[in-house]
Structure formats: C-alpha cells, structure tokens
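Work the whole structure out from these sequences, hints included.
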Amino acid sequence: MNSTSTSECPLLLEVQNLHLSYDLNFFEHNSLRDSFVQLLSHPFKAITRPKSQLHVLKGISFNVSKGERIALIGVNGAGKTSLCRCIAGMTVPKYGEINAHGQVRAIFNPSIAILPDLTGRENAYILARLMFPEIQDDEIAELVTESVNFSGLGQFADTPFKTFSKGMQARLCLALITARPSDLMILDEAFDGADAAYQKKIAKRIQKVLEESGAIIMVSHSIDQIESTCNRVIILSESQIAFDGRLKEGVIFYQKLIQGMGDSDLYQQHHKQV
Amino acid sequence: MKARYRKTIAGFLWVVASPIILYCIQSVVFRKFLKLDIPDYALFLLGGLLPWIFLSSTLEMCTPMFSTRSELLKSFKISPFVLILSQILDNFFNFLFAFIVLLIPLVFFRGRAEIGLLFLPFAMLQLLIGVTGFVSLFSLLQVFYKDVRFVIPFITNVFFFLTPIFYPIDVVPDELRIFIEINPFYMMIDPFRATLYFFDIHAFLPILLKGSLVSIIFAMSAWFYWRRKRNEFYLNL
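If you read the sequences in order, they're chains A and B.
First residue of the first sequence? That's 58 in the working numbering, and the numbers climb one at a time after it.
First residue of the second sequence? That's 218 in the working numbering, and the numbers climb one at a time after it.
Treat the hints as calculated values from the structure; they're not laboratory data.
Keep in mind that the hints are not guaranteed to be accurate.
Simulated pairs of lysine to aspartate or glutamate, EDC-like, Cα-Cα distance not exceeding 16 Å [stated by the list, open to error]:
| # | chain 1 | residue 1 | chain 2 | residue 2 |
| --- | --- | --- | --- | --- |
| 1 | A | Lys108 | A | Asp80 |
| 2 | B | Lys446 | A | Asp80 |
| 3 | A | Lys219 | B | Glu288 |
| 4 | A | Lys223 | B | Glu288 |
| 5 | B | Lys291 | B | Glu449 |
| 6 | A | Lys265 | A | Glu203 |
Put into structure tokens, the structure is as follows:
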C-alpha cells in the first residue's frame with residue numbers, strides 16, 4: 058500500500074483505525090407469528106442467536122492535508138459512502154477516531170429537494186441556511202442569487218422544484234455547495250446527475266473554491282472527473298484501504314484490482330468509466 | 218409553513234379554523250345535548266381539547282416523516298430532528314393562534330381573567346417539550362418498526378376517550394382512576410388546563426411537576442434511542 062500526504066501542509070482530517078459496523082437485527086425481524094413459530098420449533102436457537110453485525114469499514118486510517126483533492130473509489134459496497142457519512146458526522150464509528158480540524162460539508166445526492174412544492178430559489182435558500190449556518194441572512198441571499206445565476210436555470214429557478222429534471226436539480230445544489238469555501242468538502246457521486254458541459258463548468262468552480270479553502274474528498278466512477286479534479290486516490294476494497302497514493306498509480310491499481318476480481322462484466326463496466 | 222399553504226385558497230385559515238370549529242361543536246354537543254353538569258364547561262373544554270388536538274395532530278403528521286423524507290436525510294448532513302421540530306413549531310403556532318382566538322371571548326364574557334394565566338407559559342413550555350420528546354421517540358421507532366405508523370391513529374382515537382379531555386377525572390371510578398393518572402397524555406395536558414380552570418397554585422405545582430417529569434422522560438428517551446441507534450437509523454431509512 059502506497060501512502061501520500063502533503064505533510065508540510067496543515068492537517069484537516071485525521072482518521073485512525075476506523076471501524077464501522079451495523080446491527081443487522083432489525084432486518085431479521087419476522088412477523089409476530091413467525092417469531093412465535095420459531096420460538097416453539099427451535100427455542101434454544103431462538104434465544105441464544107448471536108447479534109448479527111455487518112462490518113462496513115475495518116481499520117481505516119489516513120490523513121487529509123490542505124490542498125489535497127482525494128478520489129475515493131471502489132466497487133459498489135466497498136464502504137465509500139459509509140466512510141463519507143462517518144467523516145461528515147452522520148454516523149459514528151464503532152472504534153477508531155475521526156478528528157476534523159475545520160468545517161466539513163458533505164453532499165450525497167444533489168438531486169433532492171428540501172421542500173419540492175417550493176421554487177428552486179426557495180429551496181436553495183433553505184439549503185443554504187442548513188449548509189452554511191454560520192453566515193448572515195443578507196450574505197445567504199447573495200449566495201443564493203450567485204448560485205442560481207451560476208446554475209444557468211434562468212426563469213426555471215422560480216418554478217416549483219418538483220418540476221425540475223434531475224439534471225436541473227443537480228445543477229442548483231452543486232452550484233450552492235461549491236459557492237463558498239469549506240475546510241473539507243465531501244462530494245459523494247455528486248456530479249452524476251449533471252450533464253457533461255455542466256460538469257466541466259463545476260470542475261472549474263471547484264478548482265477556484267479549493268484555492269480558497271481546504272481539501273476535497275470525491276466519490277466518483279468517472280475517470281475524467283477524477284483526473285480533472287483530484288491529485289490523490291484512496292481505493293477501498295472489502296471494507297479496507299487497498300491503495301492510498303498518487304492519481305496515476307491509483308487508477309492503474311484500481312484497474313488491476315477489478316481485473317483481479319475475475320469478473321469480466323464488472324471490469325467492462327468500470328473500464329468504460331475508469 | 219410557506220410550502221404547507223402554497224396553492225391553497227385559505228391556507229393558514231383552514232388549519233386554524235379546524236380546531237376552533239371542532240371545539241365549538243364539541244362544546245355544544247357535550248353541554249347542550251349530553252347535558253354534562255360541569256361548571257364553566259367552555260373553559261374546561263378549551264383547556265383539554267386544544268392541547269389534545271395539537272398533540273394528536275403533531276403525532277400523526279410527524280411519525281412517518283423520517284421515512285417520507287429519507288432521501289433528504291441521506292443526501293445532506295441535516296439533523297433529522299430539524300424536520301420534526303419545524304413541523305412541531307408550525308403546529309404549535311397554529312395551536313397558539315386558535316387558543317388565543319377562543320380564549321379572548323371566554324375571558325371577556327366571564328368578566329375576569331384567572332391569575333393562572335400568568336402560569337400558562339410554563340404549562341405551554343412543558344407541553345412543547347413533552348410533545349417534542351414523544352413525537353421524536355415515535356418517529357425514530359417508526360424507522361425500525363413500520364407497525365408504528367399503523368398504531369398511531371389507533372392510539373390517538375382510543376386515548377381521546379381514555380384521557381379526560383371532555384370529561385373531568387372526577388367522573389372516573391376510584392378503582393380505575395390510577396390508570397388515567399398514569400396516562401402520559403393526561404399528564405402533559407393537565408397543567409395546561411389547570412392554569413385556565415379554577416386555578417389553585419397548590420394544586421398546580423405538583424401537576425406541572427408531574428407533566429414536566431413525563432415530558433423530560435420522553436425527550437431523554439428519544440435522545441438516548443437516537444444516540445444508540447444512529448448508524449442503524451441511516452441504514453433503515
């Protein structure tokens with residue numbers, strides 16, 4: 058495993074020996090009737106059944122320094138979103154530590170409305186209030202106006218959000234989250250809803266925001282997106298870090314990893330994207 | 218609130234008019250038709266029915282909220298309780314408005330204001346904390362146990378009759394009264410009524426204490442449950 062970190066830059070995030078697991082008992086709930094039958098047919102087994110755990114992340118450790126743009130990649134189910142949620146503070150690790158030195162902003166799906174009946178602009182206003190609680194009302198209004206203009210939605214911004222296409226929704230949310238510098242920005246497949254032209258436009262904006270702020274962790278399956286934005290790759294495989302290093306080596310490692318899995322369909326699918 | 222009343226003709230008016238109309242109808246039915254012998258029944262009913270409508274409607278509206286807004290909760294780092302709290306405050310504002318609309322004429326026609334009204338903010342705060350805790354707990358449970366959403370309408374229907382809302386607790390037989398006294402809905406609503414109806418400071422303080430205690434227990438239970446099941450919450454959404 059190769060490891061890269063710009064040690065001379067200030068640390069923004071320290072993740073140490075992170076373990077995350079979910080209690081699966083809630084998924085095994087049967088109806089009362091089934092539980093009763095099970096208790097009668099196998100009473101010992103029903104009582105002594107161990108607690109099921111789903112281990113999503115195992116021993117994850119890495120640091121993020123200012124100026125780093127990290128692509129977090131891995132096959133589906135590798136634990137990318139779980140790791141991002143943990144860093145964002147939405148979920149809590151079972152063991153290990155996460156120390157974020159600064160503000161962490163995260164977006165996991167840009168095509169979502171706060172209140173679909175309100176207009177795009179009104180939704181942007183509420184979202185801005187939720188994402189940037191530290192700024193004043195007049196600054197929020199400016200931020201929303203700038204983001205709406207950047208999104209290029211024109212008059213559509215003042216129509217109900219529920220009438221927007223997925224791409225239009227993504228445009229507005231992405232414009233908003235990248236409107237202001239953050240110490241650490243987490244984008245989990247956030248570009249997937251936007252069209253290619255807008256992806257290029259937003260990449261430039263991210264570049265600009267990054268110059269003013271800290272670091273970015275981006276989950277994506279698009280090599281173009283990764284190459285134009287990132288300078289470091291972390292690959293998750295089977296809930297662990299399989300690679301942590303420079304972009305070029307990371308992409309090659311990932312391709313080999315997929316090849317090594319021996320699943321030709323999976324490889325073909327990712328070969329197109331990565 | 219803006220989203221709730223958008224594209225409605227009377228919007229806010231419907232929401233406020235509904236408890237007022239319900240109150241007027243129940244007041245007439247119980248006093249005139251059923252001839253309940255309760256002094257100052259209009260004020261008595263006001264102290265029980267309005268907080269009950271606030272509690273039950275909030276419970277029914279908020280319980281499925283985490284499931285219906287699951288995409289939103291999974292998309293951004295937003296505290297789930299922000300969603301619940303915004304709905305509770307919206308309902309609380311409507312409840313307050315309807316309450317004041319009904320209280321002013323009642324006080325005016327009686328020609329005197331109860332000193333207990335000075336203690337109303339304490340009862341309201343206790344009710345707000347209690348409703349927030351109770352609703353948060355059931356909303357969280359609903360994420361893990363889908364039965365909850367089916368049980369809530371049943372609970373509110375049954376407890377409307379099992380809670381002394383339109384009748385005083387004195388009419389309940391002594392041997393059954395204990396079951397009413399441990400009813401959490403009654404404990405949360407009773408301080409509110411006590412400030413309006415034949416206020417007595419010596420009786421009010423223990424009632425407020427009991428109500429506050431049950432409210433804090435619900436709020437803390439919701440908090441601890443959230444702390445314990447936070448990861449599974451996102452998995453189950």
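Right, here's what the structure says about each hint:
1. Lys108(A) with Asp80(A): holds, 7 Å
2. Lys446(B) with Asp80(A): Holds, because 9 Å separates the two Cα atoms, which is no more than 16 Å.
3. Lys219(A) with Glu288(B): Distance of about 14 Å is within 16 Å: holds.
4. Lys223(A) with Glu288(B): With a Cα-Cα distance of about 14 Å, the restraint between Lys223(A) and Glu288(B) holds, given a limit of 16 Å.
5. Lys291(B) with Glu449(B): Holds, at roughly 12 Å.
6. Lys265(A) with Glu203(A): holds, 15 Å
Going down the numbered hints, you'll see the structure goes against none, and every one checks out.
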